[in-house]
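Number of protein chains: 4
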Amino acid sequence: MAIKTYDEYFNRIKKMRRNLYIAGDKVGRDDERLQGQLRIFQETYDRTNDPDWENLCTATSHLTGEKISRFTHIHQSVDDLLKKQLMTRLLCHRVGGCIMRCMGIDAMNALSVVTYEMDQMLGTDTNKNFLKYLRYWQDNDISANCAQTDTKGDRLKRPHEQVDPDLYLRIVESRPDGIVVRGAKIDNTTAPVGDEIVAIPVRFMTDRDNDYAVAFAIPADWEGVKMLVRPAYLHKTKYLHSPVEGIGDAESFTIFDDVFVPRERVFLDGKSDPRQTPFAGFLALLFAHYHRHSYTGCKPAVSEVLASAAALVAEYNGIERTTAVRDKLAHMISTAELVFAAGQMSAYRAEKSASGTLVPDEILTNAGRKLAGEEIYNEFKIVADLAGGLCATMPFEEEFFSEETGKLANKYLMRNPKISAENQQRCFRGIENLIVSDLAGVMQVAGLHGGGSPQMETITMMGRYDLESLKSIAKYLFGIEKELPKYERPPVTPRAMLERFRALYGKT
Amino acid sequence: MAIKTYDEYFNRIKKMRRNLYIAGDKVGRDDERLQGQLRIFQETYDRTNDPDWENLCTATSHLTGEKISRFTHIHQSVDDLLKKQLMTRLLCHRVGGCIMRCMGIDAMNALSVVTYEMDQMLGTDTNKNFLKYLRYWQDNDISANCAQTDTKGDRLKRPHEQVDPDLYLRIVESRPDGIVVRGAKIDNTTAPVGDEIVAIPVRFMTDRDNDYAVAFAIPADWEGVKMLVRPAYLHKTKYLHSPVEGIGDAESFTIFDDVFVPRERVFLDGKSDPRQTPFAGFLALLFAHYHRHSYTGCKPAVSEVLASAAALVAEYNGIERTTAVRDKLAHMISTAELVFAAGQMSAYRAEKSASGTLVPDEILTNAGRKLAGEEIYNEFKIVADLAGGLCATMPFEEEFFSEETGKLANKYLMRNPKISAENQQRCFRGIENLIVSDLAGVMQVAGLHGGGSPQMETITMMGRYDLESLKSIAKYLFGIEKELPKYERPPVTPRAMLERFRALYGKT
Amino acid sequence: MAIKTYDEYFNRIKKMRRNLYIAGDKVGRDDERLQGQLRIFQETYDRTNDPDWENLCTATSHLTGEKISRFTHIHQSVDDLLKKQLMTRLLCHRVGGCIMRCMGIDAMNALSVVTYEMDQMLGTDTNKNFLKYLRYWQDNDISANCAQTDTKGDRLKRPHEQVDPDLYLRIVESRPDGIVVRGAKIDNTTAPVGDEIVAIPVRFMTDRDNDYAVAFAIPADWEGVKMLVRPAYLHKTKYLHSPVEGIGDAESFTIFDDVFVPRERVFLDGKSDPRQTPFAGFLALLFAHYHRHSYTGCKPAVSEVLASAAALVAEYNGIERTTAVRDKLAHMISTAELVFAAGQMSAYRAEKSASGTLVPDEILTNAGRKLAGEEIYNEFKIVADLAGGLCATMPFEEEFFSEETGKLANKYLMRNPKISAENQQRCFRGIENLIVSDLAGVMQVAGLHGGGSPQMETITMMGRYDLESLKSIAKYLFGIEKELPKYERPPVTPRAMLERFRALYGKT
Amino acid sequence: MAIKTYDEYFNRIKKMRRNLYIAGDKVGRDDERLQGQLRIFQETYDRTNDPDWENLCTATSHLTGEKISRFTHIHQSVDDLLKKQLMTRLLCHRVGGCIMRCMGIDAMNALSVVTYEMDQMLGTDTNKNFLKYLRYWQDNDISANCAQTDTKGDRLKRPHEQVDPDLYLRIVESRPDGIVVRGAKIDNTTAPVGDEIVAIPVRFMTDRDNDYAVAFAIPADWEGVKMLVRPAYLHKTKYLHSPVEGIGDAESFTIFDDVFVPRERVFLDGKSDPRQTPFAGFLALLFAHYHRHSYTGCKPAVSEVLASAAALVAEYNGIERTTAVRDKLAHMISTAELVFAAGQMSAYRAEKSASGTLVPDEILTNAGRKLAGEEIYNEFKIVADLAGGLCATMPFEEEFFSEETGKLANKYLMRNPKISAENQQRCFRGIENLIVSDLAGVMQVAGLHGGGSPQMETITMMGRYDLESLKSIAKYLFGIEKELPKYERPPVTPRAMLERFRALYGKT
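In the order they appear, the protein sequences are chains A, B, C and D. Read in order, the letters of the first sequence correspond to residues 48 to 555 in our numbering. Read in order, the letters of the second sequence correspond to residues 48 to 555 in our numbering. Read in order, the letters of the third sequence correspond to residues 48 to 555 in our numbering. Read in order, the letters of the fourth sequence correspond to residues 48 to 555 in our numbering.
Just so you know, the hints here were simulated from the structure itself, not pulled from any lab data. Since this is a predicted model, take the numbers as computed values, not measurements. Ideal Cβ positions, reconstructed from N, Cα and C, are used throughout, including at glycine. Fair warning: there could be bad hints in the mix.
[To be verified] Computed cross-link-like contacts, DSS-like style, restricted to lysine-lysine with a CA-CA straight-line distance of at most 30 Å:
| hint | chain 1 | residue 1 | chain 2 | residue 2 |
| --- | --- | --- | --- | --- |
| 1 | B | K283 | A | K529 |
| 2 | C | K73 | C | K285 |
| 3 | B | K454 | C | K285 |
| 4 | C | K285 | B | K199 |
[To be verified] In silico negatives: residues of chain A with every beta carbon more than 12 Å from chain C:
| hint | residue |
| --- | --- |
| 5 | L110 |
| 6 | E113 |
| 7 | D172 |
| 8 | K283 |
| 9 | T284 |
| 10 | V372 |
| 11 | G510 |
Taking the hints into account, I'd like the entire structure generated from these sequences.
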């Protein structure tokens, strides 16, 4: 069967080569510091195997017609996009934050479009390799990280201008049987527990950056790959266990130390074929686009998790009915609803690309992701506001269970006779986990930067929005132009970019 | 034909009784101070008769199967809601702001649901009268104001508690052939040029407020109706005419001085039948709901009109490509897109009520309207920011055309050699019209309060949102509850309210 | 006596040459469309002659030792700065907005510093002329506009790069007895009723812009000066007169059509002496600085006027004690207090320049002005929010006094039995004047742009702030540097700029 | 000598009774988990003994005329307030956040005023005891926590209404020789390492809450006192040591298990003398006031620490000169400057109370603290924004120093050839410490809630602000009142409250 259980998945990654480095140790995927991250991936495998979630978490492969995990599916319809978004939201509720498995499949969707278009325009034969690789994914229910962010060196210089040419991942050698790559990718969430790494470019490349126009996929323990791992822990508990305490993430700073990639796993190679170089930017943008659309699923969930905690502690603190509290909750709920609606409408307005893969509306997707990013720190502020200082000053759990202090500690924790001291503690400790912890910091930064910060969405949006048509409204109203065409913004998907490409690079 | 031309409409209102009071004059509908308001209504009649707009501005009557104006249509499908919203947005672009004809039909949609439900529950016979009245609307392409806001007196007191019992509109006598009403309604936009007034309650009514549970429709020049009119003017021009200069609105403070309403035009009468009283609140809420959904069409257009002016003046000022300008434009565009997407998704999630009328999702509609209201002043600020001080300090037009100063004035107005002095002037004068004028103030206040201020949307949203289900997320994550039901917020439409009604008031 | 009455002032400007153009008419200073502006200036003359205000509105001339109007005084002490700021705030309360007479004296203060420094460095003899001119001001209680903003043409080009060289005011001829200037200045608030115009540069000038490095003073009706006037009116009332209705402003687009300025009134002339050119930027900046410090007096007053109206209408609407209302009032009050405190502390930290004139701290002055500018639109929003729609839809006054509708209109205006219908009307009509009128738009734009928009303050602030010292904190904390010098930001006044000047241009 | 060294201080607290509970252990003050907190206190002792800081960190005792630590001084002059504020700011720079030693002395200042006033009004003899206790502080350079926040139980009920009467700290017995208290205080920052605990009420008390009107001081290891301690750690480093890594805090949930307090250490006892009960609220408010004034010193420093890190990482990332970055830095700098100026002006407007102690202006102090609290989360957002994701995903330090990965890790960390890999790492690791760590969460919550959240400042401000005088501006402008008194807000200090007290409770 194409869908795998968590145990099947875990047993295979346990066997991988030890190429993870954590605080001086060289470890395998069973290192206990990866448990938090694994706990999240487990949720995705468990729900996919859960009949109650089948409708949402599985899909039908357009390659084989088989039932597969939605995390390995290429969007064939509006409904696929809507279900991906909803699945993301609901799974995030269950782990109190990002479900973290969308990066890989977002990259795969982008590759499905770009390799197809490239083949059409250049007569290359890349999509066939991609589809073969996709088949491997679907048959094995693969988890993968998308490695996009280069270390970048001096940010005002292009890749080829850097003092050290390796500061962007590059092809040092291109041979008939494959390529050798050197460089590093950072911010690789989940990479330490993924089966595979899908590497793609981070930006547009010029014809002086051909060596940097590279995309490929390799197993995460492949020869030459070294992962410097940064796990974030929540506060573990001894007595009052809860789902939230087990959650964590694992980031990787991944070094590609002259790694050989077989040709069939190479999806972009500007070094041997400079005509491919312009597709680097297209791929970078399209991955970001799919990933931002995924954010319209997860970020509403993060807002809801925080709003949920805020509403609960407001109840426990007895202030739930006050105007100030309801205003703040309404603000968080509004954000969640608006971001999700933006993602849904992006799906409704999606366009089928030539490859058959659906591409959601860009303006709306970016508008939604942007709002979410702008609000994330404010949402933490609201939770802290309604919780009060105790979420940052709670004594350790042991004090509530010890002979000497337990009775007194519990006595003074009481707020509402209807709510037990234990539940009071669970509530404040849960909030401590959510907003006063290492992971809280990671969630904040990820909520801002993941998929690109609001500044990036602004740039994307303004690069694609038809400002001249917008201006025609004022020109008409002010009498500068006689007529106002019936202006309704058309969906903005990569078609426009493709057309520009075709004009610039297309064969006749 | 059911669809009328502007001339047909104007000729009939010209004949109405003179019951308008403007600055001490008693005038008819052809008073020149109403021209700005009429100019807006003309747009709705002209476009409905314009073949290019037919698909959007006309609909098929569910009563007669005839082609009618969409401004007289009861929503029968998701597509109807989507088209209403889009039509509103596109017409607003053409008048540089609110198209102002949605109030009446929003009230009619609410009445179509409420009279039907009331009949079902109470065995009354009101919907039949409503449908007859609706037929009259559709056959004559009626324009109407919805008069909802009472003067309210002391706002912390209920209607029956006021020192003067007339401070909310009330039934002073209920007879078999009709009712006599007394009171006043304020903020009645367009009422001075409408054919009809549809009056509905502004709030929930208790069983001590039966006399105030009243809804009806009457011709705008009916015996006893007095309108104190407040028109807002833009700055008229002598030389450089433009669409924006002709736009205005006309507000009415409408007094009902013991007005008799024939029974067949009465849609709610708590005085003679106190069982009808609870429906007052339902009707108030449902009108607000349809009206807020209309705002998800007009408010994005207002944002776009302002963004359009901002983008144009940024170009003329030569600062269009700077980061700061693009950030601000992106912010306005995002707001427009998010509010419109909220309205669209409210339509996609709409529910068909028992009457056959579609009701959009409440949470999303309110979230969209709320964001729009919060942003309106900021949007004016951005236009002012990019325009610079000149939009507030431009010499009068005559100075640019006079022998003595014209040449110099035009010389010094030049900014970019590619843009003529005339267009420079048109741009700044247009912005002056939009943001430094009486009407600008009205647009700001309307953008904040129309359909209810953000505070009202917060109250509505929090009154309907299922906060307990939201809290279950935190309860699960924090270990307070064992299971997390797969929580997806269902559409929130009046069904829940109806069920509560049925439980409270329903016959067995 | 040096201090003049309003009548003395008005009688002398009445006699000026008719060089004002309003809507095609060529008029004198007694044109009724200037009454609103004159009403504001009257307040400054009346209070200066009012014994109750003597301590605040008068000062002792450092030239003559005589008692003079503070509007003609050069700041000699911290106390002078504090009193200027407080006088501004209190006078603004009385006119419901900007008192508008600070521009001229702000320019004079800047000139007092710059001419002195220039003489010191270049051996020129300008300060003597300046002091003579100042003496004329003080002896005659002069009102003047400072004309700073050029029309600027293409904003990305420097003055000498413009297609039309006149788009910045320039010296076309420099002779021993004076200069001839050509160009235009815009946004010249109060210029139509001022005795004098003090013209100064708007930006830094390079050595290719010598012709544009020019500052001088001339009578407002001087040969060759043409003012295109744009007055803004409030809504005049017939029955319920009030101070707010009489207030207005008058802006000028001032054309200098080859105007000869006698040498003793020339304060900067880069054409004949290019060594003076660098002082253009210094003067531009220093005027802006004094003017922003004045804004720390007037802007708190504007916030307070709006907060006052908001608090009053909240009381009248019966919602004064709600949390939401108090939050909003507290926000406005905080802004007022913080901006004023910033100005006061700028005074306490002021530095005495070599000329003897005090210069307030730049960072704080800019921080205060910036906050004020960012908040202005939000403050209008709060007033509209608490007032409700009626402030935009009030019938005209006549309807409340007519036989036919007066009684009914007043009956339905009642809200609180303790507050008469007349006062209800006064309150809403006053708010209409403040926020739904031409002048409201002007106040919004002025609140944003006057003295420079927040973007300008950001630029100024970041140009002067010692960022390297700030960074030393992080360097110390992160272990990059061993020691943290006891860093306390010193006052930032023009001394640093002067030192840079001296290094660059100083004689040896 | 009155001023002690850190060693003297540490040696005495090391000897204290073991009454601290940390994660199940019963420990003394030398437990290593308290090192972070001690590191901060050490800074205060070290600087007080540092000749370079003498002028700021020491003061002259008004009791003895001796040189003492400013942390034990009662403000006798405006200069004292200014120096306290500046000292706080500069010390906070050195520890990267709150200096944490102000609570105790803030409570002492409040007691100095309240005990004096109480004696004046009631003829009690408390101030004498207070002064004796103060002498002990000054002679021994005492560090103390102020324990104010009760656990509060149901927040909508008063102390005497709680189901468990102990949920607010109360006097269970009052005897001639002292009182016995029971209850708990939470959020007691630094209490685990303080010499003393000064306990005061958290709110106003009615005459049914006499038992809860209690204030006293006891040694922190006194019989019956149990502290449940919650330390927050930063990330310790192995190789690249830095000041920021050593910083931490220690919070206490302090239980008073029938603790006897000798009479001479009791400063408020409503149980034996109910006339003292009204002073509970006065004391609560006045401590909050002094503490908020301290926040006008520390919060600007926190903003500056964050701005400093933001500026540094912007430089390292090569984006320092972009508009977007400068806008964000300017915003943080403005906040710091405005909050500090608010505190300084509060000092300049301070009033000398009858006791001789200075009391700063309340409105301004609250306005400053409020702005700081509103901005704190946004400031973290800005740092994260400019740093990028790496601050949350940095590999552990060991990876940069190991044989196997060190060279590669350092190679790829390079950004700017002028900045070494080590400094790059120091910068990102420092930021990780500041914004992605347990302590970051604590700093966020403390920045919001410490001294009272913005909501509390709003309540205080609106409770004291003279709204009626403010309204008189609108009344005058709108013609409702004839005259506008020259309204300048007087300083708001406890005088007004005292006068109300005197009217209500004063002896005749």
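Name the hints, by number, that the structure is in violation of. Going through the list in order, the structure violates hints 3 and 10 and respects the others.
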